[in-house]
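Q: Spelled out from the first residue to the last, the chains are:
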Amino acid sequence: MISRKVVLHFPRKLVEQPIVFKLVKDYELNFNILKAYVTPDEEGLMVLELSGEEPAFEKGLHYLKSCGVKIQPLSQDVVRNEKKCTDCGVCVPLCPAGALLPDKESREIVFSEDKCIACGVCVRICPFKAMEVRF
Amino acid sequence: MKTIKEINAKIGRGDAVVVTAEEIIDLVAKKGVRKVAREVDVVTTATFGPMCSSGVYFNIGHSKPRIKLGGGSCTVNDVPVYAAFGAVDVFLGATAVPDDDPRNKIFPGEFKYGGGHVIQELAAGKDVRLECSAYGTDCYPRRKLETLLNIRDLNEAVLFNMRNCYQNYNVAVNLSGKTVFTYMGMLKPRLGNANYSSAGQLSPLLKDPYYRTIGIGTRIFLGGGIGYIAWHGTQHNPCVERGRNGIPLGGAGTLAVIGDLKQMSPEWLVGTSMAGYGVTLSIGIGVPIPVFDEEVVRRAAVTDAEIYAPVVDYGRDYPQRSSRIIAEVSYAELRSGNIKLRGKTVPTGSLSSYARARKIAVLLKTRIEEGEFFLTEPSAALPGAESGYKVKPLNERLYKKE
Ligand code: SF4
Ligand code: SF4
Numbered sequence: 001m002i003s004r005k006v007v008l009h010f011p012r013k014l015v016e017q018p019i020v021f022k023l024v025k026d027y028e029l030n031f032n033i034l035k036a037y038v039t040p041d042e043e044g045l046m047v048l049e050l051s052g053e054e055p056a057f058e059k060g061l062h063y064l065k066s067c068g069v070k071i072q073p074l075s076q077d078v079v080r081n082e083k084k085c086t087d088c089g090v091c092v093p094l095c096p097a098g099a100l101l102p103d104k105e106s107r108e109i110v111f112s113e114d115k116c117i118a119c120g121v122c123v124r125i126c127p128f129k130a131m132e133v134r135f
Numbered sequence: 136m137k138t139i140k141e142i143n144a145k146i147g148r149g150d151a152v153v154v155t156a157e158e159i160i161d162l163v164a165k166k167g168v169r170k171v172a173r174e175v176d177v178v179t180t181a182t183f184g185p186m187c188s189s190g191v192y193f194n195i196g197h198s199k200p201r202i203k204l205g206g207g208s209c210t211v212n213d214v215p216v217y218a219a220f221g222a223v224d225v226f227l228g229a230t231a232v233p234d235d236d237p238r239n240k241i242f243p244g245e246f247k248y249g250g251g252h253v254i255q256e257l258a259a260g261k262d263v264r265l266e267c268s269a270y271g272t273d274c275y276p277r278r279k280l281e282t283l284l285n286i287r288d289l290n291e292a293v294l295f296n297m298r299n300c301y302q303n304y305n306v307a308v309n310l311s312g313k314t315v316f317t318y319m320g321m322l323k324p325r326l327g328n329a330n331y332s333s334a335g336q337l338s339p340l341l342k343d344p345y346y347r348t349i350g351i352g353t354r355i356f357l358g359g360g361i362g363y364i365a366w367h368g369t370q371h372n373p374c375v376e377r378g379r380n381g382i383p384l385g386g387a388g389t390l391a392v393i394g395d396l397k398q399m400s401p402e403w404l405v406g407t408s409m410a411g412y413g414v415t416l417s418i419g420i421g422v423p424i425p426v427f428d429e430e431v432v433r434r435a436a437v438t439d440a441e442i443y444a445p446v447v448d449y450g451r452d453y454p455q456r457s458s459r460i461i462a463e464v465s466y467a468e469l470r471s472g473n474i475k476l477r478g479k480t481v482p483t484g485s486l487s488s489y490a491r492a493r494k495i496a497v498l499l500k501t502r503i504e505e506g507e508f509f510l511t512e513p514s515a516a517l518p519g520a521e522s523g524y525k526v527k528p529l530n531e532r533l534y535k536k537e
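Here the protein sequences line up with chains F and S, keeping their order.
Okay, so the first sequence: first residue is 1 according to the working numbering, each after it adds one.
Okay, so the second sequence: first residue is 136 according to the working numbering, each after it adds one.
Just so you know, these hints were derived from the structure itself, not from any lab.
Check the hints yourself; a few may be wrong.
To be verified - Partial selection, computed: residues in chain F whose CB lies under 7 Å from chain S:
| hint | residue |
| --- | --- |
| 1 | 86 |
| 2 | 87 |
| 3 | 92 |
| 4 | 93 |
| 5 | 96 |
| 6 | 104 |
| 7 | 108 |
| 8 | 123 |
| 9 | 124 |
| 10 | 127 |
Unchecked claim - With a cut-off of at most 25 Å between alpha-carbon atoms, the simulated SDA-like pairs for lysine to any residue come out as follows:
| hint | chain 1 | residue 1 | chain 2 | residue 2 |
| --- | --- | --- | --- | --- |
| 11 | S | 323 | F | 16 |
| 12 | F | 115 | S | 327 |
| 13 | S | 247 | F | 123 |
| 14 | S | 475 | F | 12 |
| 15 | S | 479 | F | 84 |
| 16 | F | 104 | S | 490 |
| 17 | F | 83 | S | 400 |
| 18 | F | 13 | F | 36 |
| 19 | S | 323 | F | 121 |
| 20 | S | 170 | S | 441 |
| 21 | F | 84 | S | 213 |
| 22 | S | 313 | F | 12 |
Claimed, not checked - Chain S stretches covered by chain F per the calculated footprint, using a threshold of three residues with CB under 8 Å from any CB of chain F:
| hint | segment |
| --- | --- |
| 23 | 407 to 416 |
| 24 | 482 to 491 |
From a predicted model like this one, the values you see are computed outputs, not experimental measurements.
We treat Cβ as the ideally placed atom computed from N, Cα and C, and that holds for glycine.
Go ahead and model the full structure; you've got the sequences and the hints to work with.
A: Structural data, given as structure tokens:
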């Protein structure tokens with residue numbers, strides 16, 4: 001038995017299809033959906049904890065790839081150091097998950113941890129090094 | 136018609152009416168320009184963003200025996216500082232990086248630490264490491280000096296910035312096919328994002344577009360303390376094209392400012408790392424506008440929807456100094472989260488923090504209301520829109536090599 005957290009990126013055309021359920025049926029994988037939503041660019045995002053027998057696990061991932069789903073392993077968490085963030089907003093258009101968005105009233109940049117897929121883009125580009133990786 | 140003297144008398148009595156450059160918008164919409172001009176005494180404007188032409192000069196005091204740093208070399212926390220002045224005066228620039236920083240060798244460079252960060256640490260009251268070597272003279276015999284420094288022990292520590300508060304600025308996009316890393320942030324290819332950098336309707340020079348009230352000698356909020364406008368900034372360019380409301384349609388006026396670093400705080404002076412570009416310093420500035428008359432109010436009540444910025448390609452055009460403007464968009468559109476360019480919806484990002492600019496405008500308002508901050512009469516005007524003063528590009532001329 002192995003168990004891993006993965007981020008699945010579904011292109012627009014696949015969002016509506018029951019791909020994940022095939023994993024259960026044909027590959028006997030168990031999954032736990034941690035996050036699932038559609039991003040502003042209408043890409044489907046899903047963070048799963050997948051578990052199953054080793055050979056089936058690999059086959060299942062292979063099946064996902066063959067459908068056109070992009071898979072990103074999730075081995076880290078990204079957190080924000082609120083003291084360092086200046087609410088500039090330069091990260092907003094670069095976050096693929098829509099996890100960094102301005103609040104219309106306060107104009108502060110709100111970080112929604114529940115949407116973050118830990119891609120690391122903001123960690124690289126935040127001018128104030130406010131986004132940090134936690135392993 | 137109110138004068139600075141009258142306004143200061145009201146501030147002294149604690150009954151000056153102060154509003155921020157945002158608040159005046161609603162107020163004018165509700166009460167009209169005439170009434171607001173009578174009721175309001177001061178409008179506070181502000182901006183917070185990266186300002187690369189910043190630096191700090193300080194005097195470290197004479198060592199025993201004495202050393203003359205000029206002509207030698209000098210670093211603070213490994214960041215090189217300029218010491219070609221009198222014996223123990225040095226200048227630390229915001230964009231300096233340590234000699235052993237890999238810079239862009241592994242692209243895009245991280246630029247974790249540099250001059251801007253040292254300035255923030257000084258302002259925070261942290262000890263910094265000074266290392267100097269000198270050539271030694273009869274009057275300044277010492278050749279080596281290594282010591283900790285703290286801002287409270289320095290004779291003077293002064294923030295000087297030769298260009299900031301840009302009156303309007305470019306919106307940066309990338310039309311090329313590859314990601315670029317610029318001082319306007321990371322720009323994804325083929326119009327992947329659009330980055331802007333102005334506080335718009337809160338920004339000082341956009342609210343006094345003809346510099347009627349802001350001039351040399353104007354007292355300002357600088358990095359948390361008190362500063363002054365020292366001069367017009369470098370690349371000051373007041374004679375550009377303006378909209379019907381008098382607001383420049385692109386980068387125009389700039390300010391040079393000065394202030395006591397000892398009064399400033401690390402909250403409003405923040406070391407900044409632009410991936411692939413370099414290190415800089417983000418500064419918070421607040422400028423009060425005295426309400427002399429109705430015209431001041433009319434100008435200060437301009438909204439984001441009436442301020443337009445030029446969209447420029449930083450993929451190819453900007454590096455090649457092409458002056459092509461792809462489109463003009465308003466700050467209201469920019470702040471909506473995306474703009475339409477060439478049929479594409481492009482998400483927007485900002486380098487300048489509107490939330491912080493607002494905090495500064497409120498802070499300055501409070502300081503004035505509580506009688507802690509008085510206005511000054513400018514001692515000279517900035518070169519204005521009719522002055523003929525213009526920014527010039529470099530005219531490269533070859534010279535003979537010996
Ligand atoms: S880029 Fe960094 S400082 Fe700016 S809003 Fe995002 S997290 Fe905050
Ligand atoms: S790591 Fe940053 S950019 Fe990536 S999804 Fe999380 S918040 Fe967005």
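Q: Please go over all the hints and tell whether each is borne out by the structure.
A: Tested hints:
1. 86: holds (5 Å)
2. 87: The hint holds - residue 87 (chain F) has a Cβ within 7 Å of chain S, the shortest such distance being about 4 Å.
3. 92: holds (5 Å)
4. 93: holds (4 Å)
5. 96: At about 11 Å, which exceeds the 7 Å cut-off, the nearest Cβ of chain S leaves the hint on residue 96 (chain F) violated.
6. 104: Violated, about 9 Å.
7. 108: Constraint on residue 108 (chain F) satisfied, holds at 5 Å.
8. 123: Check failed: Cβ of residue 123 (chain F) comes no nearer than 10 Å to chain S, outside 7 Å.
9. 124: At 6 Å from the nearest chain S Cβ, residue 124 (chain F) passes the 7 Å test, so the hint holds.
10. 127: holds (5 Å)
11. S:323 to F:16: violated (28 Å)
12. F:115 to S:327: Cα-Cα ~21 Å, so holds.
13. S:247 to F:123: holds (12 Å)
14. S:475 to F:12: Roughly 21 Å between the alpha carbons, so the hint for residue 475 (chain S) and residue 12 (chain F) holds.
15. S:479 to F:84: violated (33 Å)
16. F:104 to S:490: holds (11 Å)
17. F:83 to S:400: With a Cα-Cα distance of about 14 Å, the restraint between residue 83 (chain F) and residue 400 (chain S) holds, given a limit of 25 Å.
18. F:13 to F:36: holds (16 Å)
19. S:323 to F:121: Cα-Cα ~12 Å, so holds.
20. S:170 to S:441: Holds, at roughly 22 Å.
21. F:84 to S:213: holds (23 Å)
22. S:313 to F:12: Answer holds: residue 313 (chain S) to residue 12 (chain F) is near 23 Å, not above 25 Å.
23. 407 to 416: Held - the segment 407 to 416 of chain S has 4 residues with a Cβ nearer than 8 Å to chain F, which meets the minimum of three.
24. 482 to 491: holds (count 10)
Comparing the model with each numbered hint stated earlier shows that hints 5, 6, 8, 11, 15 do not hold.
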